[in-house]
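Asks: From first to last, the protein sequence lines stand for chains A and B.
Mapping of the first sequence onto this note's numbering: position 41 corresponds to residue 113, and the numbering continues sequentially without gaps.
Mapping of the second sequence onto this note's numbering: position 22 corresponds to residue 303, and the numbering continues sequentially without gaps.
Source of the hints: derived by calculation from the structure; they are not laboratory data.
Treat the numbers as computed from the prediction; the structure is a model and nothing was measured.
Just so you know, not all the hints are guaranteed correct.
To be verified - Think about it this way: if two alpha-carbon atoms lie no more than 27 Å apart in a straight line, the pair counts; the simulated BS3-like pairs of lysine-lysine are:
1. A:Lys217 - B:Lys342
2. A:Lys135 - A:Lys217
3. B:Lys564 - B:Lys601
4. A:Lys183 - B:Lys297
5. A:Lys462 - A:Lys485
6. B:Lys297 - A:Lys462
7. A:Lys413 - A:Lys255
8. A:Lys217 - A:Lys183
9. A:Lys325 - A:Lys255
10. A:Lys217 - A:Lys485
11. B:Lys564 - A:Lys255
12. A:Lys135 - B:Lys601
As the list claims (entries may be wrong) - The following residues of chain A were derived to be distant from chain B, with all beta-carbon distances above 10 Å:
13. Ala293
14. Glu317
15. Met425
16. Thr466
For every residue, glycine included, the Cβ atom is placed at its ideal position computed from N, Cα and C.
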Amino acid sequence: MDRSQGRAARPGAGATTEPGGASHRGLQLEEPLLFEQDSPGRSGVDFPAAPTAADRLGGLRRKSGVGLPGLSEPQVIRHFTRLSQKNYAIDAGLYPLGSCTMKHNPRLNEKLARLPGFAELHPLQPMSTVQGALALMDELARWLKTLTGMPAVALSPAAGAHGELCGLVAIRAALEDRGESRKRVLVPESAHGTNPATAAACGFSVESIPADARGRVDLGALRAMLGPDVAALMLTNPNTCGLFENEVVEIAKAVHDAGAFFYCDGANFNAIVGRVRPADFGIDAMHINLHKTFSTPHGGGGPGSGPVVLSAALAAFAPLPYVVHGPDGFRLVEMAEGTAKSFGRLKGFHGQMGMFVRALAYMMSHGRDGLHQAAGDAVLNANYLLARLKGHLTPAFEGPCMHEALFDDRFLKDTGVSTLDFAKAMIDYGYHPMTMYFPLVVHGALLMEPTESENRDSLDRFIAAMRELAARARAGDAAFFHEAPALAPRRRLDETRAARQPVLRWRPPTARRVAE
Amino acid sequence: MRYLAHTEADRRAMLKEIGAPSIESLFRDVPEAAQLRAPLDLPDRMTELEVDRAISALAAKNRSAATMACFLGAGAYRHHVPAAVDHLIQRGEFLTSYTPYQPEIAQGTLQSLFEFQTQVALLTEMEVANAGMYDGSTACVEAVMMANRLTRRQRVVVSGGLHPHYRETIETYGRFGGFTVVSADLDVEGRENLADLIDADTSCVVVQNPSFFGQLRDHQTLGAAARAAGALLVCVVTEAVSLGLVTPPGAMGADIVACEGQSLGNALGFGGPYVGLFATREKFLRQMPGRLVGETVDVENRRGWVLTLSTREQHIRREKATSNICTSSGLCALAFTIHLALLGEVGLARLAEINHALAVGLADRLAAVPGVEVLNNTFFNEFTVRLPLPAAPVVEALAERGILAGVPVSRLYPNRPDLAGLVVVAATETNTKAEMDHYAAALAEVL
Ligand SMILES: Cc1ncc(COP(=O)(O)O)c(C=O)c1O
């Protein structure tokens, strides 16, 4: 049922009281669920007749239908095309989500990942038939090790958080190997939520380190917390305030002197790639989000890839599988062998190969010089924002910043406008909001990461919009902010209702009525 | 560099605005000791054409399943993905958007994930599904940890028919996450009796259907035994297409379902990225890992979707979260949803029938080869055969003849010489009768 195309619609007047019954607004097309477009018997895929044979299902044939709707291919294309048009994307414009590194996604990388020589490889083909794939993994590993200065890398983690798990498990394995059962992991207050969540999943207790007035780890407080039962420090550097931990060398030394390991969250590697090797500031392990620094597309929430570089002390504990080079070419080691004390497997198969191809293409395209320039431009762009917005918004800390600029909500004081309102108003000005309310160490945080993809014109337009919004808030136009967004495919959504009476799947209307 | 936005003049002008003499000066917080002392040993930038050549050359060193007759399964299956799927997921609005944190401008992603959740719930016959996990193996270990939380128990019983990578993943998490894993002996023929391994400390029993060896089994009785002992039944499915034909986990009393979604919409891709499907009962909702999309309305009372129940998640709950997962497998979930939307009810049923019928045909052909024994009495599109010789060299020899003949069990269980003759073989709609005839004839020759 294609509800309302062809029905006259005027902004505002189009809204009906029936959820789901909203009208089109010009070419902003409403789109019902797939399940509301069912024509039983229709299919968008043709098949030959099934060969007839007695089944071998042993009586386990599915008895009830699945309940999937039937649509033709043109209907499906139209459905998802319309849905896509309700999304904002980096392809469409600046996407200043701090900590997320929404940079340009080169299409060459998409093309290469789809070469049948990669896309059509089964993970368990004979190794003699996948030498090119193993060579690519080996080459990616070489780049990652060289860029970080670390001796080993585990490629299999599926995303950043999975990489954190890999690193902390390696640390636990190393501690056990030396007969220690240290139980505490120290995590700065400003850390991303995955850090404490990961530490807890690995059986550690989590303790929060306070930040100092400069938005960095309070070295004195850290020293006081370190002790013989501390397993690791998890520190993001550059940190989530967009600042380089300028005492990181002392931090690493203090951690190592206490017999603990230094896990670095490398989500912000984009600021320093090609310029600073994390090995040189003393890390033991660090995940790298290929879907941030190395531009594999974020896809509306993944897939990602989170390789973890490891120090010599941790390398022996790296997960399975890993690639080695032997007399017959490359080989995947899938079972513990030799002196390696691998902690085992973190997931099925060998890692996010499709992301490896894209990331390597990105690295090769930039080269050593291009990565150095990219990090420099990312930092330049963030500092440009900071410099040109500082009289209008309130920077949380003194600059220079690294690849992202952090503001707090002091500039909104007494305006009746919150960070959330400000973010929603950005939408009406044609921008995706920045990261908000993260990190937790500053009040009403606004974290802006322009990335190196933005040119000066683009930044200037963004700056002008931010200044105008800030002025508008100060001029007392709170109503405008509270109403925002007015021009998006949806206005503010009722999140409380979504959580109080969760509706997490479609049900046929009759079933709905029965359930009510 | 073609992806970078500035000219040197831009950079100079911007530095002037900032009041900094150089880009290097912006890095002044980097301590001396951490500064690069020697240039990195890496090549300089390359043109698009050069990169294309270099990486294509690596691709050309692989023999892809597309150029051979592929009978490989064991957790990853080669299916025909309609061209529309890849076209749609490459739309920049899907490909290059972030996790939908701003729902007003991410309704496309949110609605398609709501459709995904519905499809997964329907396929598995479960009440609720989340918006996806990394893959089947990590969905499986998350299911185990969820069962541990729900039962406040720390002992997990794992079937000998579970994919060995899944079992090893559970073992890793168990060793460091503090729970005990009791693994049953390998169960090639689907005869194990797991009920005997359940005790009062058991949080869950993990089974796979069809099993790693392809065997189908009704786990209803096992589920009842688990529940009688206060434990949960976790059902794993590695071949999502089987759900179009085989009794789904929900109809067997599963409490939590973890499924690999690769078969629908996603390429083999040498093992990833894939997407994990995760479903459970409504009453367990608050212990579920991962993102959930829920229906709501906007201020004009128009229907819309948001991420919801996020008080389970790491960004709110930090060390008390139900999982550490953040970035998941959104685009793979979208591909899954589009493929299943194209198939629809009749298409999925037909696809599953064809897979099964071709596998039956292949099993019969291989069973007719002297010395070869098919070990399954039941299966969907995958079964295990015993060869009279060690399987790995036979598989290598067949690869020379353009046939990817199956996964030798010795690749996954190198320490089990008794299983050295076993091969796990799959057939899908991509296999032709000619390929199957060729396989049987070539196998007869190399044995
Ligand atoms: C600082 C930081 N750490 C960790 C993560 C987790 O990475 P992922 O989402 O890839 O799991 C993120 C990103 O979301 C992050 O910004």
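Asks: With 10 Å as the threshold, tell me whether A:Glu317 passes as away from chain B on beta-carbon distances.
Replies: 8 Å, violated
Asks: Quick check for students: does the CB of A:Thr466 sit more than 10 Å from each CB in chain B?
Replies: Given that every Cβ of chain B is farther than 10 Å from that of A:Thr466, nearest at about 18 Å, it holds.
Asks: Sort out whether A:Lys217 lies within 27 Å of A:Lys135, counting only the CA atoms.
Replies: 54 Å, violated
Asks: So if I understand the rule, the pair passes when the alpha-carbon distance is 27 Å or less; does B:Lys564 with B:Lys601 pass?
Replies: 20 Å, holds
Asks: Can the restraint linking A:Lys462 and A:Lys485 be considered satisfied, given a maximum Cα separation of 27 Å?
Replies: OK: A:Lys462 and A:Lys485 at ~15 Å, within 27 Å.
Asks: Using Cβ atoms and 10 Å as the threshold, tell me whether A:Ala293 really stays out of contact range of chain B.
Replies: 19 Å, holds
Asks: Between the alpha carbons of B:Lys297 and A:Lys462, is the straight-line distance 27 Å or under?
Replies: Holds, at roughly 15 Å.
Asks: Between the alpha carbons of A:Lys183 and B:Lys297, is the straight-line distance 27 Å or under?
Replies: 39 Å, violated
Asks: Holds or violated: are the alpha carbons of A:Lys217 and B:Lys342 at most 27 Å from each other?
Replies: 24 Å, holds
Asks: Would you check the hint for A:Lys217 and A:Lys485, treating anything up to 27 Å between C-alpha atoms as holding?
Replies: Given that 27 Å is the threshold and the Cα spacing comes to 46 Å, the pair is violated.
Asks: Holds or violated: are the alpha carbons of A:Lys413 and A:Lys255 at most 27 Å from each other?
Replies: Given that 27 Å is the threshold and the Cα spacing comes to 21 Å, the pair holds.
Asks: CA of A:Lys217 to CA of A:Lys183, is that 27 Å or under?
Replies: 26 Å, holds
In this structure, the earlier hints numbered 2, 4, 10, 11, 12, 14 and 15 are contradicted, and the remaining ones agree with it.
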